[in-house]
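Residue numbers (the working numbering), protein chains in the order written: chain V, 1 to 85; chain X, 86 to 420; chain L, 421 to 793.
One or more of the hints may lead you astray.
Unchecked claim - Estimated spans, in silico, between C-beta atoms of each pair:
(1) L:Ser603 <-> V:Gly17: 29 to 39 Å
(2) L:Asp503 <-> X:Val215: 27 to 37 Å
(3) V:Ile10 <-> L:Arg546: 22 to 32 Å
(4) X:Tyr112 <-> L:Ser527: 17 to 27 Å
(5) L:Ser731 <-> X:Asp286: 55 to 65 Å
(6) L:Met747 <-> V:Glu70: 51 to 61 Å
(7) X:Leu271 <-> L:Asp503: 18 to 28 Å
What the hints assert, rightly or not - One-sided and incomplete, this derived list gives chain X residues near chain L with beta-carbon spacing under 10 Å:
(8) Gln91
(9) Leu100
(10) Leu110
(11) Pro111
(12) Asn115
(13) Leu118
(14) Leu121
(15) Ile331
(16) Glu335
(17) Glu342
(18) Asp347
(19) Gly403
(20) Lys405
(21) Ala412
(22) Gly413
(23) Pro417
Hints in this document: simulated from the structure, not taken from any laboratory. Only a predicted model underlies this, so the values are computations on that prediction, with no experimental measurement involved. Backbone N, C-alpha and C define an ideal beta-carbon position, used for all residues, glycine too.
Each chain, letter by letter, is given below.
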Amino acid sequence: MCLAVPGKVIDIFKENGLSMGRVDYSGTIAKVCLEYVPEIQIGQYAIVHAGFAITILNEELAEYTLSTWEQYDKLKDKQSPDILS
Amino acid sequence: NHKTIQLAHGAGGLLSMNLINEVFLPYFSNESLNRLDDFALLYSDNKKLAFTTDSYVVDPIFFPGGDIGELAIYGTVNDLSMSGGVPLWISVSFIIEEGFPIDDLKIIAQSMKRASDRSNVRIVTGDTKVVPRGACDKIFINTSGIAKVSQKYSISGYNIKAGDQIILSGTIADHGMAVMTSRNNLSFESEICSDLSPLNDLVQCILNICPEVHAFRDPTRGGIGVTLNEFARQSQVGIVIRDNKIPIHENVRGACEVLGIDPYFVANEGKLIAVVPNMYSEKVLDAMRDHPLGKDSAIIGEVVSNHPSTVVITTLLGVKQILDIPAGDQLPRIC
Amino acid sequence: MKYIDEFRNPIHAINILKQIDAIWTKPHMIMEICGGQTHTIMKYGIDQLLAGKVELIHGPGCPVCVTPIESIDNALYIASLPDVIFTSFGDMLRVPGSHNDLLNLRSQGADIRIVYSPLESLQIARKNPDKQVVFFAIGFETTAPGNAMTIFQAKKEGLSNYSVLVSHVLVPPALQYILSAPSNRVQGILAAGHVCTINGWKEYETITQKYHVPIVPTGFEPIDILDGIYKVIKQLESGDSYIDNQYLRSVHKEGNIHAQEIVHQVFDVCDQKWRGLGVIPASGMKIRQEYSDFDAELRFEYKDISSYESSECISSLILQGLKKPSMCAVFAKECTPSHPLGAPMVSGEGVCSAYYKYQRIVGSEKIEVMCDQ
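Only chain V is shown next, with the shape it has when bound in the complex:
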């Protein structure tokens, strides 16, 4: 329902009275409205849908999610489905 992709904010400016930003998707730069994330800083990641930043990506919680998954690896594997050839 809602394709939204994280990108890095590399510039913040005003346009027609709206807070806007340039967001970098590993080399492709899109112009994005930042009105809904007023506290965002350059260097932070915004999750962007249809040209609007809908939230600031929480980088600590992203790392937390990944580390939870890494701990599953320590679990003594009873039967491992071999999906990696």
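Put chains X and L on the given structure of chain V with help from the hints.
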């Protein structure tokens, strides 16, 4: 089932195939045309020639990495090269909208000259028509070309065998995304560059070390997805490719993620797919990687005998899925 | 790509599948609400990885699929008017109305343009003062703030040649509609991560208590989906039903207050017809009186066009997860992406097109899935 021509009829996908099969083949059908390769093979007193034609209507006509003039020359040079032949002569015909700036026409002509020099072909004949303002979008260019083909090659989409390896000469979707992001200049400023380049030299390098190549094709409109499906249908074989082996530039991937575009079906203008017998695949891969236009070459899959005329892709998680031809061009999506 | 590739790492998939194996005892029916999640499931073959353990039921979370045919017909009517520049997300161009679609109308000469952001429509309106620029505002809670901003901004700038044709839908009422149906088989829910990013997940607390179903707001990368499914299974195996947020990096309980404010300022909740499901109370949004100057439905007096839908299309059953596309008589026969009978076959996220694209059964011989190669 459509009563009027749709954009999708020109996108190289399913509707394009239907148009060819239902409207053109019934009238034009003949042994050279029916093969529907990138080129027709013609024989006259023991000489083998390849002949092709293509029209160019890219919008915008100037895009990062090239322009419609260069595209018109390299597109035909590449189609001819897919026969294994050496492109020699090219015809050019312009359809220009009234009011089109002559300075722009000079830029296009200069880049066509540079492109033909670089692919050592000669523009030997041409034509120009002007249409009233609004009857066409700025400028359309058609080019046709002839190449001399050595008798020892039999390169065609019908020639593919189970066990063959599929080698892609580099990163996908560069051209299509360069055009799409430069066309939408309201929200995008990307430095994605078209991969526009002539493939005749790369083809000769491959053939020098492996004349037994079964098939070549440059995956232009419809991208590698359409080309692989064409191969599977022409030779009635199955094809299996691996998602994690397909080379793609990071900024192109970024644009595809944001616009919801599947890069497998996006146009390339400087890439080829070579289908070679298994025993030659490593040798051909090395030769391609030594060539400036093939440094990112990769073996992306192989030909199999089961599920004929169907392309299957192994996803990142190891599951096999059907890779089917879309009806027409992909549209940017938000959901 | 940072914060994308890490969430597509197959190693994590193996580990989560191990976790699921360790606790799984019986098959479960889980619905993923969002068309974007359906797309990821089909693209990566997650349903096949979990075959036999979990049946994934695809929910109505694709705005292209649920936008009522009357809105499409109205859009076609407005787009065909002289001096109108009709702008829309690319998704809507192929959706079949009663007699036409926007892409076909464009080939007949109408000025229909695709926009990536609604703000581009405003820009087109500023540049074409002598034209009526109309934006087709469809979508769920995630898209509403952007669409609302253009109306708010147009009023501020006095852009009198700009108007919006609204067809907005909300998830919670539709979810209650599905869960309250007697034939409902859904036991657990993957909530739409980006909808919850905007509205938070407090609206779902009443639902999880009332229907005793675990609800897990989930992201859109393949490992997010597997993790969300694992969290639902954990609750189903232990008989719990509470809200467990999987998409921590984007969703928190209150959602995005700034976005919610502008939506409440510009839109009112209203009853809404869903294509395939009928009218669901308080499940849509319309422009408030204060901004009615920018309501395209009022600006272009809407002729009552009799809308017609193909009778063979069983999209209502499919959207409720009661039937799979492969059970439809016309699937991949009369109804294909190049000739769609119903909306779920059009959108890249519609469940029928996702099935067609990724898993169409080839004649009788089903491609057997070799997970272990």
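Structure-based check of all given hints:
1. L:Ser603 <-> V:Gly17: 29 to 39 Å: violated (51 Å)
2. L:Asp503 <-> X:Val215: 27 to 37 Å: holds (29 Å)
3. V:Ile10 <-> L:Arg546: 22 to 32 Å: Check passed, 26 Å falls within 22 to 32 Å.
4. X:Tyr112 <-> L:Ser527: 17 to 27 Å: holds (23 Å)
5. L:Ser731 <-> X:Asp286: 55 to 65 Å: Given a distance of about 59 Å, which is inside 55 to 65 Å, the answer is holds.
6. L:Met747 <-> V:Glu70: 51 to 61 Å: violated (40 Å)
7. X:Leu271 <-> L:Asp503: 18 to 28 Å: For X:Leu271 and L:Asp503 the Cβ distance comes to about 21 Å; the hint holds.
8. Gln91: holds (6 Å)
9. Leu100: holds (6 Å)
10. Leu110: violated (18 Å)
11. Pro111: With Cβ-Cβ at 20 Å, over 10 Å, it is violated.
12. Asn115: violated (28 Å)
13. Leu118: The hint is violated - X:Leu118 has no Cβ within 10 Å of chain L, the shortest such distance being about 24 Å.
14. Leu121: With Cβ-Cβ at 19 Å, over 10 Å, it is violated.
15. Ile331: violated (14 Å)
16. Glu335: This hint holds: X:Glu335 lies near chain L, its Cβ roughly 7 Å from the closest one there, short of 10 Å.
17. Glu342: holds (7 Å)
18. Asp347: Constraint on X:Asp347 satisfied, holds at 8 Å.
19. Gly403: holds (6 Å)
20. Lys405: holds (6 Å)
21. Ala412: Check passed: Cβ of X:Ala412 comes within 3 Å of chain L, closer than 10 Å.
22. Gly413: holds (7 Å)
23. Pro417: This hint holds: X:Pro417 lies near chain L, its Cβ roughly 4 Å from the closest one there, short of 10 Å.
Violated hints for the displayed structure, listed by number in ascending order: 1, 6, 10, 11, 12, 13, 14 and 15.
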